[in-house]
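Knowing the structure of chain A, use the given hints to seat chain B on it.
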Amino acid sequence: MTATGPLPGYNFAYLNEQTKRMIRRALLKAVAIPGYQVPFASREMPMPYGWGTGGMQVTASILMPDDTLKVIDQGADDTTNAVSIRNFFAKTAAVETTTATAQASVIQTRHRIPEEPLREDQILVYQVPIPEPLRFLEPRETETRKMHALSEYGLMHVKLYEDIARYGHIATTYAYPVEVDGRYVMDPSPTPKFDNPKMDDCAALQLFGAGREKRIYAIPPYTKVISLDFDDYPFEVQTWEEACGLCGARDSYLDEVILDDRGGRLFCCSDTDFCEKRRAMGYRGAMSGEPQEAAE
Amino acid sequence: MSALAAETVEMTPILAARGVGHAYGDFLACRDVSFDLYPGEVLGIVGESGSGKTTLLKCLSGHLEPTEGEVGFAVRDGEMRLLGEMGEPERRALARTDWAFVHQNPRDGLRMSVSAGANIGERLMANGHRHYGNIREAALEWLAKVEIDAERIDDLPRTFSGGMQQRLQIARNLVTGPRLVFMDEPTGGLDVSVQARLLDLLRGLVQRLGLSAIVVTHDLAVARLLSTRLMVMQGGRVIEAGLTDQVLEDPQAPYSQLLVSSVLQV
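Residue numbers (my numbering), protein chains in the order written: chain A, 1 to 296; chain B, 1 to 266.
One chain only, chain B, in its complex shape:
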């Protein structure tokens, strides 16, 4: 009985895309993308540069209005709402509560002119928190979670290393307990050992908090470690989709095969 109940809960997608496409003028950057994302699931989107991954992510996260198709998001009371029909105030409210967006370049996602603590506290203050002590406590807690020394709380992000900035950005995004995290190349531009630690951290957080996430990456290793499902994109279309292991172990589309076989073996 309980298993069945759990199953029915699981069966309601948190995000649904139907025929999503976006054109920049005459150029179709992505087209006809449909999928359901279920709570607790991590969807990886891989593909070469220019395959439309980032455009798709922007459409899904409400940064860009899709020129075709629609995106639905299950708000907290369980109702599926279309992003296109929400007003901007509602979308912005979602973006600072239920959603999180981790940019490839931490400088795009952080407020570089204020301290690490203020960066983490900003979302809390935006949601009406007005108690300094509590905000500071939450900031310290999250610094610990992303393995940044508590002493750095009053330092500006520009004094942080690239990996620390990225971890700070993650902390800043997760502090309000979002239900869906969008990540655009979260490990891009970091050296390999830092990448590994960050991935480890992300995987732990995603599992511990039961987050749903959509991760755009061109790095198959990232996709393999983080995501439960994978979509392979080429030329703006999804050419293959399925469970991560399935796609990577037994790629069907010629491009997926090329992608998997071109990973460097050390």
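The following block holds chain A by itself, in its conformation from the complex:
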């Protein structure tokens, strides 16, 4: 333990050891059956459901005193949710925290995968609101479980069919269903589909926790993850005409920021760490307010 130490009266990383063991057992099962939703006895956390209680429980169960934690919310390290969760673990586990992707050993995320490729010694923890990809087409949980058990996934394509029929292309842009390891169809939490290809053959372990729904699932390192599509409408990720206004990146996921009420807007990297790092390296975008010396 460091000199500051975790909060007195609390166990390391808030949850008691029995709870962590229970969650770890669920995690082991989830890793053993990639994409399968393992039920677990989700606990009350000092935070409302929907704010990442599932991800927090997973993080709390895998956190070690010498871990370095990074928390992102839509790619950003500095938004309320990310700051609060980071502070929570800094207080209750006294672990080191960071905003640099490369330095983190555990990254808890709400809906983005960092732009920087992850390594084998890193774990990515997702906060998941609704783990069941079939939920909106088949509300009966008994039925969806049976469909998973029998690999009856035709219904997932009904959703994609509807998209094409209505919009002329697959308009699902987030929570885009994937098939994991050739078996289970999984909801990759509401990450933009831009990040789906990063899940495939990823070096890092990916863990998914849904607190309210009491489900845990996982993608082990180097697992095949395929985004569902049609033969004549293949899977595609979003693209932007603009480059990042701050760092000039053309290959990252961009947020649109409204600047004024006269149509002024800024497109910038949603991954703040990625963007800052590029700026530190001298890259400049059109709206950085500085001369563009090292633009691509």
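Worth flagging that the hints you see were computed from the coordinates, not collected in a lab.
Remember, predicted model here, so these are calculated numbers, not experimental data.
Glycine included, C-beta positions come from ideal geometry on N, C-alpha and C.
The reader is advised that the hints may include incorrect statements.
[As the list claims (entries may be wrong)] Taking lysine-lysine pairs in the DSSO-like style, the calculated list, with each CA pair at most 27 angstroms apart, reads: (1) A:K159 / A:K146; (2) A:K159 / B:K145; (3) A:K20 / A:K91; (4) A:K193 / A:K214; (5) A:K193 / A:K277; (6) A:K146 / B:K58.
[Unchecked claim] Simulated restraints, written as ranges between beta carbons of each label pair: (7) A:Y174 / B:R208: 29 to 35 angstroms; (8) B:L209 / A:E116: 56 to 62 angstroms; (9) B:G87 / A:V83: 48 to 54 angstroms.
Just chain B now, kept in the frame of chain A:
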């Protein structure tokens, strides 16, 4: 020679029931039902409400496990398999390929939250079709077959009239070319002129596709138009069975006589 060969093929039933019965607790809803259904044959089951028709249909279609007796179905390679001995995966696979089930209320048989095209395409996608263009083409083709305007393909079923919903349900069920269709009061709840058109359509489809079907109805007119054979049920038992014309022209059992004589003549 060819006639004989055809005859031997005809002689293998597609569905066979032996002593089928089902009890809800102590109450026997239907009992001791035995029959063979041959390919291309349409069997009508008539009887008053509560006579066990729907329970029997559920037992035959694998929705309900019969408490007594057994049901056999001839799978595609011709082998007769007992439903009770099939695993659930196999039964569900049959239900989306070889079988079709047309519910009385189209809302039970349709997916109301997705478009008509997706409703028709669902069975195709469930059977592994992954080409949007082909699925859409099949949907358009089937909309035409059930006389729904091709322009309505992207509309939700709830914007359809009752008769159209029922026709959509039929299209959705027949798109995978099933060999056996179960129908539970397919024209119930529709007004008479729509009923007539639907019956006409069903009769055409059944004949053209050479379907075997089991039709549960309390409407003798439906039975007469659609079915080749008829079973009359009362109190859970089959009280009379035979060719449709024979049963309706010359009913033997007192209840059948009552049933036939109580049809309103206009």
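Hint check results:
| no. | hint | verdict |
| --- | --- | --- |
| 1 | A:K159 / A:K146 | holds, 19 angstroms |
| 2 | A:K159 / B:K145 | holds, 25 angstroms |
| 3 | A:K20 / A:K91 | holds, 18 angstroms |
| 4 | A:K193 / A:K214 | holds, 24 angstroms |
| 5 | A:K193 / A:K277 | holds, 24 angstroms |
| 6 | A:K146 / B:K58 | holds, 20 angstroms |
| 7 | A:Y174 / B:R208: 29 to 35 angstroms | violated, 46 angstroms |
| 8 | B:L209 / A:E116: 56 to 62 angstroms | holds, 58 angstroms |
| 9 | B:G87 / A:V83: 48 to 54 angstroms | holds, 52 angstroms |
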